[in-house]
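Peer 1: Residue numbers (our numbering), protein chains in the order written: chain A, 1 to 254; chain B, 255 to 619.
Treat the hints as calculated values from the structure; they're not laboratory data.
On a predicted model such as this, the values are computed, not experimentally measured, just so you know.
Backbone N, C-alpha and C fix where the C-beta goes; we use that ideal spot for every residue, glycine too.
Fair warning: there could be bad hints in the mix.
[To be verified] Residues of chain A clear of chain B, computed beta-carbon distances all greater than 10 Å:
| # | residue |
| --- | --- |
| 1 | 1 |
| 2 | 77 |
| 3 | 138 |
| 4 | 182 |
| 5 | 213 |
[As the list claims (entries may be wrong)] Using 25 Å as the maximum straight-line C-alpha spacing, the simulated PhoX-like pairs for lysine-lysine come out as follows:
| # | chain 1 | residue 1 | chain 2 | residue 2 |
| --- | --- | --- | --- | --- |
| 6 | A | 171 | A | 131 |
| 7 | A | 147 | B | 271 |
| 8 | A | 131 | B | 260 |
| 9 | B | 260 | A | 147 |
| 10 | A | 171 | A | 69 |
| 11 | B | 547 | A | 147 |
| 12 | B | 260 | B | 590 |
| 13 | B | 590 | A | 131 |
| 14 | B | 271 | B | 260 |
| 15 | A | 171 | A | 147 |
| 16 | B | 547 | B | 271 |
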Amino acid sequence: MSLLELDNVTIRFGGLTAVDGLSFSVDEGEVFAIVGPNGAGKSTVFNLISRFYDPDEGTIRFDGHDLLKVRPAGVAAYGVARTFQNIELFDHATVLQNLLVGRHRHRRTSLLSEILFTPSVRRQELESREKVEEIIDFLDLQPYREKMIAGLPYGVRKVVEVARALATEPKLLLLDEPASGLSVEETTDMRWWIDDIRRQMGITVLMVEHDMGLVSSVSDRVLAMADGARLALGTPEEVQSDPAVIEAYLGKAA
Amino acid sequence: MRIVFKTDYMQDIRPWKDGYQLGLYLLLLGLAVAAPWLIDTFYLGELTNVLIWALAGLGLMVLTGHTGQASLGHAAFLALGCYANIILIEAGVPFLAAFPLAGLITGVIGALIAVPALRLHGIYLAIFTLALSILVDDIIVLTEPWSGGVSGKFAPPINLLGLEIDRWGTPDAFYWLVLGVVVIVTLGYINLLRAPMGRSFIAVRDSEVSAQAMGVDVARTKTISFGLSCMVTGWAGALMGLYAGAFNNETFSVVISIELLMMIVIGGLGSIHGAFLGAIVIGFLPQFLSIAKEYAGALFGGSTVAIPGLEFGVFGMILIVFILFEPMGLYGRWLKIRTWFELFPFYRKDMFKRQKSYLKTERLR
Ligand SMILES: Nc1ncnc2c1ncn2[C@@H]1O[C@H](COP(=O)(O)OP(=O)(O)OP(=O)(O)O)[C@@H](O)[C@H]1O
Ligand SMILES: [Mg+2]
Numbered sequence: 001m002s003l004l005e006l007d008n009v010t011i012r013f014g015g016l017t018a019v020d021g022l023s024f025s026v027d028e029g030e031v032f033a034i035v036g037p038n039g040a041g042k043s044t045v046f047n048l049i050s051r052f053y054d055p056d057e058g059t060i061r062f063d064g065h066d067l068l069k070v071r072p073a074g075v076a077a078y079g080v081a082r083t084f085q086n087i088e089l090f091d092h093a094t095v096l097q098n099l100l101v102g103r104h105r106h107r108r109t110s111l112l113s114e115i116l117f118t119p120s121v122r123r124q125e126l127e128s129r130e131k132v133e134e135i136i137d138f139l140d141l142q143p144y145r146e147k148m149i150a151g152l153p154y155g156v157r158k159v160v161e162v163a164r165a166l167a168t169e170p171k172l173l174l175l176d177e178p179a180s181g182l183s184v185e186e187t188t189d190m191r192w193w194i195d196d197i198r199r200q201m202g203i204t205v206l207m208v209e210h211d212m213g214l215v216s217s218v219s220d221r222v223l224a225m226a227d228g229a230r231l232a233l234g235t236p237e238e239v240q241s242d243p244a245v246i247e248a249y250l251g252k253a254a
Numbered sequence: 255m256r257i258v259f260k261t262d263y264m265q266d267i268r269p270w271k272d273g274y275q276l277g278l279y280l281l282l283l284g285l286a287v288a289a290p291w292l293i294d295t296f297y298l299g300e301l302t303n304v305l306i307w308a309l310a311g312l313g314l315m316v317l318t319g320h321t322g323q324a325s326l327g328h329a330a331f332l333a334l335g336c337y338a339n340i341i342l343i344e345a346g347v348p349f350l351a352a353f354p355l356a357g358l359i360t361g362v363i364g365a366l367i368a369v370p371a372l373r374l375h376g377i378y379l380a381i382f383t384l385a386l387s388i389l390v391d392d393i394i395v396l397t398e399p400w401s402g403g404v405s406g407k408f409a410p411p412i413n414l415l416g417l418e419i420d421r422w423g424t425p426d427a428f429y430w431l432v433l434g435v436v437v438i439v440t441l442g443y444i445n446l447l448r449a450p451m452g453r454s455f456i457a458v459r460d461s462e463v464s465a466q467a468m469g470v471d472v473a474r475t476k477t478i479s480f481g482l483s484c485m486v487t488g489w490a491g492a493l494m495g496l497y498a499g500a501f502n503n504e505t506f507s508v509v510i511s512i513e514l515l516m517m518i519v520i521g522g523l524g525s526i527h528g529a530f531l532g533a534i535v536i537g538f539l540p541q542f543l544s545i546a547k548e549y550a551g552a553l554f555g556g557s558t559v560a561i562p563g564l565e566f567g568v569f570g571m572i573l574i575v576f577i578l579f580e581p582m583g584l585y586g587r588w589l590k591i592r593t594w595f596e597l598f599p600f601y602r603k604d605m606f607k608r609q610k611s612y613l614k615t616e617r618l619r
């Protein structure tokens, strides 16, 4: 069953068609990768799913709902979480606080009860903390819990961003270049984590990634795109050997 | 070196780290309550003034320090709170209802103004709020029948549960009233910061896109922050009016707005401590300057005539020094000193150094 369905989605920025009649669907429980050269429109696809932009044409359905009817801040409530290509963390807050913001969609308390810090707020805080601790354990973030994001190394921030997305308890996790800028060891860690996120947590993963090693080792299916349109879709091997893909990456000479 | 061992999540949820810290704050509170017996009436008045400024600072801190929206117009909300309070009292509403209402009215009006204002970012928001501050002068003059216009208004002595409270007649009682309000607001503020709403303020401040991706409604959060900020500022304004005794259209000028913003920057943006530390600086600076001037006069034999704008100038200079050398404000400086002692002898010089921030390309607009 497909969890996410994009149908004939198009978005233009002025004269530039960033995504051009793109259709694909992501099945529940799979790891789906999007690859493509710089400027292919991969991040724009993510931003469309996150509802940062309204598409000019096409529909996006998630889990049986018309996502285009959902307001941008409401997408998280349906179970879509994401990371950003250029890490977007809350820099002047601790790792713990960042992850707790991830719990925001589960907030049940009112402003007044929070100002009074009633027992129900206390209970909710404890619950949130327990969930967040599970994720901290899962991603080995224990040493950084109390640290400010602003002082953390790049590799750790990448992991914190994944952790924050997981804290929302999503059905679908969007990872925008999870391995970019990571060392070889960190990339290997990321590979296993993505595997575990899918297997242990049962979360569907849609990721954009340039590292073909990572893509072929974790993903079930790959979509290759260029200039906002689909080039090829299939297993990692199929896509890597597709002539159109090879041409897009290596130019006409190949 | 002091290490806090954590064995329970409640340790992080409670506002204090351990018994030692709680003890310190209780001691401070005890001293504050006992102040009327410890210091003379003049300094008690000054301390009252500092607390009122701290309250105003807390109000602006919510918006600027924690939600990241600069306002150069908060004097307008001080004025609103001040006038609302006095007009309600004059209309026969008992102080116990008039005072909370004054804050609520200011908060609601603030939230309404926030709806168009918060579509603006950075410098444009600052200009918008600055305009508000300038506008309020005219509004007070135009609404003369209620506001008293240029000739102003006098604050009547207030009656709190049968107790007559007046800044000059009963300075002790007035001080305790102010202290009570400040303590209650501070506790509410602390609670907010350890709950989801306070965290979503910080989220909006640090990254609007990812706040939104986490399900935080950015516009709504900013509006709530603006409303809460104005409410607290309104209370501070009400107390300022009572403290001053008389006020008119020029009492809450643009200069007050700017001073308020400078105050929380010097104190340390993004911390409750910052509002208090900033208020102490702004409250005691005039005293300090006049003493320094006398001293300089005695030393160089010069005259001790008043130099207009000196206070403001010195204040501006302090601000520049802070922005250049200690962007985290007095509270940031204090944190460093404290960490040095706590970690002695393991403090590293680059402990508070920020990593260079990475390029952020994905903006909402
Ligand atoms: N908000 C915007 N306004 C105008 N143009 C945009 C906007 N967002 C993206 N674009 C353009 O759309 C095209 C696709 O951008 P996108 O960020 O989706 O590429 P990408 O596939 O993620 O590339 P990369 O691998 O470099 O991250 C680019 O040419 C980009 O300049
Ligand atoms: Mg991209």
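Peer 1: Each hint should be assessed against the structure and marked as holding or not.
Peer 2: Here's how the hints hold up against the structure:
no.	hint	in the structure
1	1	25 Å, holds
2	77	6 Å, violated
3	138	17 Å, holds
4	182	13 Å, holds
5	213	24 Å, holds
6	A:171 x A:131	16 Å, holds
7	A:147 x B:271	16 Å, holds
8	A:131 x B:260	18 Å, holds
9	B:260 x A:147	15 Å, holds
10	A:171 x A:69	19 Å, holds
11	B:547 x A:147	45 Å, violated
12	B:260 x B:590	22 Å, holds
13	B:590 x A:131	32 Å, violated
14	B:271 x B:260	9 Å, holds
15	A:171 x A:147	28 Å, violated
16	B:547 x B:271	43 Å, violated
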